[in-house]
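For the record, the sequence lines run as chains P and R. Numbering-wise (the numbering used here), the first sequence opens with residue 1 and increments by one. Numbering-wise (the numbering used here), the second sequence opens with residue 1 and increments by one.
Hint data in this document are derived by calculation from the structure and do not stem from the laboratory. Note that the structure is predicted; figures quoted are calculated from it, not measured. Accuracy of the hints is not assured; some may be wrong.
Cβ pair distances, simulated, as ranges [claimed, not checked]:
#1 R:M117 to P:F113: 16 to 26 Å
#2 P:S98 to R:T157: 30 to 40 Å
#3 P:W25 to R:I15: 39 to 49 Å
#4 P:T115 to R:N9: 35 to 45 Å
#5 P:V88 to R:M117: 54 to 64 Å
#6 P:A207 to R:I15: 53 to 63 Å
#7 P:K253 to R:M117: 44 to 54 Å
#8 R:I15 to P:F117: 42 to 52 Å
#9 R:F324 to P:F246: 48 to 58 Å
#10 P:F116 to R:K205: 29 to 39 Å
#11 P:Y18 to R:F247: 30 to 40 Å
#12 P:A175 to R:T157: 27 to 37 Å
#13 P:T41 to R:L160: 19 to 29 Å
Facing chain P, a subset of chain R residues (Cβ under 10 Å, in silico) [unchecked claim]:
#14 L74
#15 K94
#16 K98
#17 I100
#18 Q109
#19 M121
#20 V123
#21 M126
#22 S159
#23 R163
#24 N202
Here are the computed lysine-lysine pairs in the DSS-like style, where the Cα-Cα straight-line distance is at most 27 Å [unchecked claim]:
#25 P:K101 to R:K93
#26 R:K6 to P:K257
#27 R:K175 to P:K9
#28 P:K55 to P:K9
#29 R:K39 to P:K254
#30 P:K9 to R:K94
#31 R:K290 to R:K317
Glycine included, every Cβ here is placed at the ideal spot set by N, Cα and C.
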Amino acid sequence: MKLIITITKITFSEYLAYRMNFILWRFRNFLYLFFYYNFWTAVYTYQKQVGNYNKQEIFFYFIMSFVITDIVFSSKLFKLASYINSGVLNQYLLYPVSVFKLMTVEEVVDKTFNTFFSLIEILLFIYLFKIEVFLKIDFYYIAVFILSLFCALVLYYFISLCISLLGFWTNSVWAPRFLTFILINSLSGSFFPLDILPKSVFELINALPFSVLVYLPIQILQGKVSLDFALVKISIAFVWVILFFFLSLFMWKKGLKSYTALGV
Amino acid sequence: MTKTIKVANLVKNYITYEKNTGFLASLTSFFHRKKKIVKAVSDISFEVEQGELIGFIGPNGAGKTTTLKCLVGLLYPDSGTVSVLGFNPFERKKEFLKQIAFVMGRKAQLYWDLPAMETYMLVRDMYQLSESEFKKNLNELCDLLDFHKYLNRPVRTLSLGQRMKAEIITNLVYKPKILFLDEPTIGLDVVMQDAIRDFLLNYNKINKATIILTSHYMEDIESVCDRILIIDHGKLIYDGSKFDLKFKYAREKEFNIRVSYKHKLDKARLSQFGKVLSYDAKTARILVDKDKVNNLIKYLVENYDIADLDIKEPDIKYVIKKVFTSVKDEVDNNNY
Ligand SMILES: Nc1ncnc2c1ncn2[C@@H]1O[C@H](COP(=O)(O)OP(=O)(O)O)[C@@H](O)[C@H]1O
Ligand SMILES: [Mg+2]
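I would like the entire structure built from these sequences, with the hints used as guidance.
Structure (structure tokens):
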């Protein structure tokens with residue numbers, strides 16, 4: 001517990017030390033919001049409906065996708081790859097606390113920070129642009145939404161862990177990381193609601209686990225899917241979580257044995 | 001007496017793969033890669049008792065760092081057994097990690113943009129130190145290293161030497177029983193090197209800690225270590241006390257003689273005792289084989305009125321140089 005508090009403090013101090021970076025990062029996000037706002041406004045001047053979405057629904061979607069993307073995808077886990085390659089991992093291996101425990105705590109602290117700021121931005125945005133928001137205020141829906149969000153977080157955690165662990169075998173994790181980031185981002189529905197795509201494409205994408213990351217939580221929140229359907233999707237996603245978990249475990253064990261503790 | 005460290009027939013080869021760039025290449029390399037084997041440590045055995053001060057020396061690439069990394073559990077040995085404090089290092093048990101420290105000369109463990117104090121607090125919590133224990137240890141270390149005034153400055157504003165001290169504190173606030181130091185004084189100025197050496201000696205005395213260090217500076221070894229392990233091409237070629245090393249490989253003593261004004265030194269006679277390095281009528285510098293030391297002193301006392309006589313050990317640098325030039329023949333002849 002003390003450890004968690006100390007890590008929180010350090011993360012906070014680091015944010016302060018890099019506050020310019022942080023402010024620019026948040027500003028970039030705000031620009032994104034503004035861009036989406038204009039984009040969808042333009043689209044809806046010509047038509048009343050895109051797929052199943054009217055203007056208000058699409059606005060709600062992109063605002064929620066903004067928050068959820070921020071929560072799910074903001075991850076420092078990729079540091080692990082450079083730790084492996086540069087030998088910084090050595091120091092973590094010598095700590096009496098597992099590197100995963102440390103990184104997970106850091107991750108949670110970091111995500112909490114991001115969520116907090118992203119919520120502030122959103123509220124500011126909604127206020128400034130006078131956007132009407134429709135929520136499915138129903139206890140069960142909210143509960144399942146939270147479950148799906150948790151599932152999304154864990155799934156993304158293990159996916160990025162696996163990509164980071166590739167660092168044991170390659171020096172350039174940057175390329176696979178970038179590729180998967182773009183791929184997962186688009187397939188998760190963080191750019192637009194997946195169901196406005198042609199039905200066959202949509203079904204293909206929906207069969208992959210990534211739609212759980214962003215698309216599904218918003219669908220639940222908007223009340224566009226039945227709870228039963230959502231729960232089935234979440235269960236399938238948890239199977240993926242287990243798969244990625246074992247894959248990362250395997251990679252970690254195999255990687256450590258061939259690890260050459262490079263650097264010094 | 002149980003040994004703190006037991007190493008038996010340790011072998012470690014690096015299998016370097018050509019790490020690939022690009023995603024597809026790295027995917028294929030996951031399954032099939034070109035191997036290259038580098039023999040870093042081949043068949044090393046030694047044992048260490050608690051509280052020993054050990055110098056681990058050898059030329060670049062001899063396998064010193066590799067051995068240390070096997071001892072702390074960063075590397076998985078190819079064969080042989082390593083036991084440290086009764087643990088298998090590679091399992092990296094919590095109780096094991098809490099009792100050892102590995103100080104790496106060139107690596108910063110500290111948060112770069114934050115004061116060292118923040119890193120120490122993280123260490124405090126990871127090693128589950130009580131606040132009083134932590135304060136006491138930190139104070140002690142800061143006193144020994146004269147570090148109090150740097151605690152709250154961002155690490156990046158510290159000099160190399162100050163950072164090394166900061167690093168050492170990171171590794172020692174939890175009072176490890178065994179200290180592994182890989183070139184702890186590299187790149188530091190003479191004053192700072194001395195400070196670190198004094199510190200290590202003190203730490204060993206106060207805490208009965210075992211210290212194993214590698215270094216290129218023979219001064220480190222000379223002033224800190226009692227026992228020396230010499231490694232070359234992954235093989236241990238000497239293991240014994242510093243004193244024995246000098247005794248075995250440096251069979252000479254250096255004599256500096258001055259005689260009173262009444263006398264004149266006889267150069268031809270002196271050269272029978274050893275190699276005359278410099279000579280004038282009243283003074284001489286001679287390298288004398290240990291066997292002849294006695295005779296020379298006798299000769300001097302009987303024949304001269306000695307104004308000044310200084311008999312020196314050759315320094316360790318000279319000895320090590322001799323080890324590397326002579327040891328191979330000796331090993332081949334099997335007569336040592
Ligand atoms: N991570 C590594 N990958 C491949 N080869 C290595 C690695 N680290 C060291 N080596 C090789 O192993 C040998 C021993 O290195 P090392 O233990 O670092 O020597 P020392 O510390 O005595 O200078 C050297 O030939 C070095 O090139
Ligand atoms: Mg080395």
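Hint check:
1. Range check, M117 (chain R) to F113 (chain P): Cβ separation about 22 Å, and the 16 to 26 Å hint holds.
2. For the hinted restraint 30 to 40 Å between S98 (chain P) and T157 (chain R), the CB-CB distance of approximately 32 Å keeps it satisfied.
3. Judged by the Cβ atoms, the range 39 to 49 Å given for W25 (chain P) and I15 (chain R) holds: they are separated by roughly 41 Å.
4. The hinted window of 35 to 45 Å between T115 (chain P) and N9 (chain R) is violated, with their beta carbons roughly 54 Å apart.
5. Distance hint for V88 (chain P) and M117 (chain R): a CB-CB separation of about 21 Å, inconsistent with the stated range 54 to 64 Å.
6. Remark: the range hint 53 to 63 Å for A207 (chain P) to I15 (chain R) is contradicted by a beta-carbon distance near 40 Å.
7. Remark: the range hint 44 to 54 Å for K253 (chain P) to M117 (chain R) is contradicted by a beta-carbon distance near 36 Å.
8. Under the hint 42 to 52 Å, the C-beta atoms of I15 (chain R) and F117 (chain P), about 46 Å apart, fit the expected range.
9. With their beta carbons about 51 Å apart, F324 (chain R) and F246 (chain P) fall inside the hinted range of 48 to 58 Å.
10. For F116 (chain P) paired with K205 (chain R), a C-beta distance near 51 Å fails the hint of 29 to 39 Å.
11. A hinted range of 30 to 40 Å for the beta carbons of Y18 (chain P) and F247 (chain R) is inconsistent with their spacing of about 58 Å.
12. Range check, A175 (chain P) to T157 (chain R): Cβ separation about 35 Å, and the 27 to 37 Å hint holds.
13. As the Cβ distance of T41 (chain P) to L160 (chain R) is approximately 57 Å, the hint placing it in 19 to 29 Å is violated.
14. A cut of 10 Å between beta carbons decides the hint on L74 (chain R): the least distance to chain P is about 4 Å, and the hint holds.
15. The interface hint given for K94 (chain R) holds, since its Cβ lies 5 Å from the closest Cβ of chain P, which is under the 10 Å cut-off.
16. Given hint, K98 (chain R) at the interface with chain P, holds; its Cβ is 5 Å from that chain's nearest Cβ, closer than 10 Å.
17. Contact between I100 (chain R) and chain P, as hinted, is supported at the beta carbon level, the nearest pair being about 8 Å apart and thus within 10 Å.
18. Taken as an interface hint, Q109 (chain R) checks out: its beta carbon lies about 5 Å from the nearest beta carbon of chain P, inside 10 Å.
19. Satisfaction of the interface hint for M121 (chain R) is found here, the shortest Cβ-Cβ separation to chain P being roughly 5 Å, below the 10 Å cut-off.
20. About 8 Å separates the beta-carbon of V123 (chain R) from the nearest beta-carbon of chain P, less than 10 Å, and the hint is met.
21. Checking M126 (chain R) against chain P by beta carbon gives a least distance of about 5 Å; that is within 10 Å, so the hint holds.
22. About 19 Å separates the beta-carbon of S159 (chain R) from the nearest beta-carbon of chain P, more than 10 Å, and the hint is not met.
23. Interface hint status for R163 (chain R): violated, as the beta-carbon distance to the closest one in chain P is roughly 14 Å, over 10 Å.
24. With 10 Å as the threshold, the beta carbon of N202 (chain R) stays out of range of chain P, its nearest partner Cβ sitting at about 23 Å, so the hint is violated.
25. Taking the CA atoms of K101 (chain P) and K93 (chain R), the gap is near 15 Å; set against the 27 Å cutoff, the hint holds.
26. Restraint check for K6 (chain R) and K257 (chain P): the C-alpha separation of about 21 Å stays at or below 27 Å, so the hint holds.
27. For the hint pairing K175 (chain R) with K9 (chain P), the CA-to-CA distance comes to about 25 Å; that is within 27 Å, so the pair holds.
28. With a CA separation close to 42 Å, the supplied pair K55 (chain P) and K9 (chain P) exceeds the 27 Å bound.
29. Between K39 (chain R) and K254 (chain P), the direct Cα distance comes to roughly 21 Å. Compliance with the 27 Å bound is thereby established for this hinted pair.
30. A threshold of 27 Å between alpha carbons decides the hint, and for K9 (chain P) with K94 (chain R) the separation of about 24 Å falls inside it, so the pair holds.
31. For the given pair, K290 (chain R) sits about 18 Å from K317 (chain R) by alpha-carbon distance, which is consistent with the 27 Å threshold.
Hint check: violations occur at hints 4, 5, 6, 7, 10, 11, 13, 22, 23, 24, 28; the rest are consistent with the structure.
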